[in-house]
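We have chain S; now place chains Z and L onto it with these hints.
Protein chains in written order, with my numbering: chain S, -18 to 172; chain Z, -18 to 172; chain L, -18 to 172.
Keep in mind that a hint or two might mislead.
Any copy will do: because identical chains look the same in the list, a pair fits if it lies in one copy or spans two.
What the hints assert, rightly or not - Taking lysine-lysine pairs in the DSS-like style, the calculated list, with each CA pair at most 30 Å apart, reads: (1) K156 to K166; (2) K(-17) to K16; (3) K(-17) to K67; (4) K(-17) to K85; (5) K85 to K(-15); (6) K166 to K(-17); (7) K172 to K160; (8) K16 to K160; (9) K16 to K88; (10) K172 to K16; (11) K145 to K(-17); (12) K16 to K85; (13) K54 to K160; (14) K145 to K172; (15) K54 to K77.
The set of hints was computed from the structure by calculation and includes no laboratory data.
Given next are the chains, with one letter for each unit.
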Amino acid sequence: MKEKILLIGGGGHCKSVIDVIEQENKYEIAGIIDKKELVGQFVLGYEIIGCDDDLEELFEIYNCAIITIGQIKTNEIRVKLFHILKEIGYRLPVIKSPLSYVSKHSKIGEGTVIMHHALINADAYVGQNCIINTKALIEHDAVVEDFCHISTSAVINGGVVVRKNSFVGSNVTTKEYIKIGGFIKAGDLQK
Amino acid sequence: MKEKILLIGGGGHCKSVIDVIEQENKYEIAGIIDKKELVGQFVLGYEIIGCDDDLEELFEIYNCAIITIGQIKTNEIRVKLFHILKEIGYRLPVIKSPLSYVSKHSKIGEGTVIMHHALINADAYVGQNCIINTKALIEHDAVVEDFCHISTSAVINGGVVVRKNSFVGSNVTTKEYIKIGGFIKAGDLQK
Amino acid sequence: MKEKILLIGGGGHCKSVIDVIEQENKYEIAGIIDKKELVGQFVLGYEIIGCDDDLEELFEIYNCAIITIGQIKTNEIRVKLFHILKEIGYRLPVIKSPLSYVSKHSKIGEGTVIMHHALINADAYVGQNCIINTKALIEHDAVVEDFCHISTSAVINGGVVVRKNSFVGSNVTTKEYIKIGGFIKAGDLQK
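Here chain S stands alone, though its shape is the one from the complex (with noise of 0.2 Å):
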């Protein structure tokens, strides 16, 4: 049987979450967690069952959660779902794409997803609570802190460090072994 899991979040980054959770085929999909008076409809067919107040309650029926809120802006919202849930005593497991390829070589941290067509090289480190979309690759010895987005299509390429909290847009390019961080807009040349 699959264990069941809470979606944190049901906007669109929610949706490309539960097309990656119904190929790994491993976590059933307990419910969504968003806004109060969107409670009773409906993401992809999946139900919004309830909203961060209700987090506790649950828990006693489900131990597993990931968050699938988006971050561009700012990713407040998801460091601070990631401490109450961690807190209440959620686990958050490492989602990973089966269309993606994570190096055994490789470390990611809890409560990060790995999108479809996602790479992490060998002897790369990938932080918690990170979104590795759709299409990015992570180089060798590349190390991505907690609490990022690395964005569609983006590259790190070998040993580059992404610093926590950072946000790096679709489709950007990095220079090998440098240090990175902050809010780097879709496209840009990192050098």
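Positioned in the frame of chain S, the structure of chains Z and L alone reads:
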């Protein structure tokens, strides 16, 4: 027995489509339609068996066709051919590389080809007679209207709308939830 | 029994190649060749067993080698080593990730490595001792001449010719059917 299919156009893009059809292993290539003076020549081992004027007669033998002419400067010929083929009665299937990923939560219109390593994510919609070229990404909630070419490695991010008849160049990046259209040059950032 | 292979160069790129060789599961890594002072050290669990001066002696035991030194500023060392290895008599196979796609209508020269998620399309040609790095795309009818490095996520579009000894940086975009060469910086658009 595999259904036979006619390829309309024998240039460079046709080669990529042949590769996709061979890998998909669902259709048998009956032959290629191109200019009269090229009849009898071969593309990757498949014969050019006729020109546009022969399409009506060939419909007595074959019922299925796909347009394999590329689209860079204009899509006029692709649009015109689409209407001619439909009028004669040809069925224009979706051609989907087994190396691509098309979410079951997405929809694809007839006559569209999804090339190797392309990805169509959840709740995305792609219209009729489009080319979603190699490694292109159509993210969640995005809409690609009819008769578009999304070139190699282009990134159509979440919720973006690409208007009818557009060309989105190779490795283009788009911000989320914007409307784009027309002729977008390779490497551009759309924001 | 798998054939044993020597890896020439134990840096960051070597790690990526190790990951590819492990996934390909066709060769057994016999050891790594690097500087004399590094002999006895390990890269991802594989020992550095000798330096360049030992290559002739090691040929009495091993017949197969691949160059795993990276190529950014110059390819001089990779070219020199290629000729040394060939002169001794080593066989330099094509190393091809099972996560890459290489069209059966393409040709790849000896000593070339095709990394994870790379794609070589129909009627493309890649010469000897090239690196087609992670997620790079070589489209239909493109030619990559000998001793080139096509970096991560670079896009070599249809019919492009990349001249001998070139470096094409990460996430570079090229227009179709042009000739490029030399040192092309990461993120560049070639038109």
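Status of each hint after checking the structure:
In this homomeric assembly, K156 and K166 come within 30 Å of each other (Cα to Cα) both inside a single copy, at 15 Å, and across copies, at 9 Å. Proximity of K(-17) to K16 under the C-alpha cut-off of 30 Å is restricted to the intra-copy arrangement: shortest distance 27 Å within a copy versus 50 Å between copies. In the homo-oligomer, the alpha carbons of K(-17) and K67 lie at most 30 Å apart inside one protomer (21 Å), although the nearest pairing across protomers, at 47 Å, exceeds that limit. When the C-alpha separation of K(-17) and K85 is checked against a cutoff of 30 Å, the pair qualifies both within a copy, at 24 Å, and between copies, at 21 Å.
With identical chains, the CA atoms of K85 and K(-15) are at most 30 Å apart both within one copy (26 Å) and between copies (21 Å). For the homomeric pair K166 and K(-17), neither the shortest alpha-carbon distance inside one copy (39 Å) nor that between copies (46 Å) is at most 30 Å. Within a single copy, K172 and K160 get their C-alpha atoms as close as 9 Å, and across copies as close as 26 Å, so both meet the 30 Å cut-off. With identical chains, the CA atoms of K16 and K160 are at most 30 Å apart between copies only, with a shortest distance of 28 Å across copies and 37 Å within one.
For the identical chains of this complex, K16 and K88 are inter-copy neighbours only, at 28 Å across copies versus 33 Å inside a copy, given an alpha-carbon limit of 30 Å. In this assembly of identical chains, K172 and K16 lie within 30 Å of each other by CA distance solely across copies; the values are 29 Å between and 41 Å within a copy. Proximity of K145 to K(-17) under the C-alpha cut-off of 30 Å is found in neither arrangement, the shortest distances being 32 Å within a copy and 43 Å between copies. When the C-alpha separation of K16 and K85 is checked against a cutoff of 30 Å, the pair qualifies only between copies, where the shortest distance is 27 Å, while the shortest distance within a copy is 38 Å.
Proximity of K54 to K160 under the C-alpha cut-off of 30 Å is found in both arrangements, the shortest distances being 20 Å within a copy and 20 Å between copies. Proximity of K145 and K172 under a CA criterion of 30 Å is satisfied in both settings, with 19 Å inside one chain copy and 26 Å between copies. For a Cα distance limit of 30 Å, the shortest separation of K54 from K77 inside one copy, 24 Å, qualifies, whereas the shortest one across copies, 35 Å, does not.
Consistency with the previously given hints fails for numbers 6 and 11, ordered from lowest to highest.
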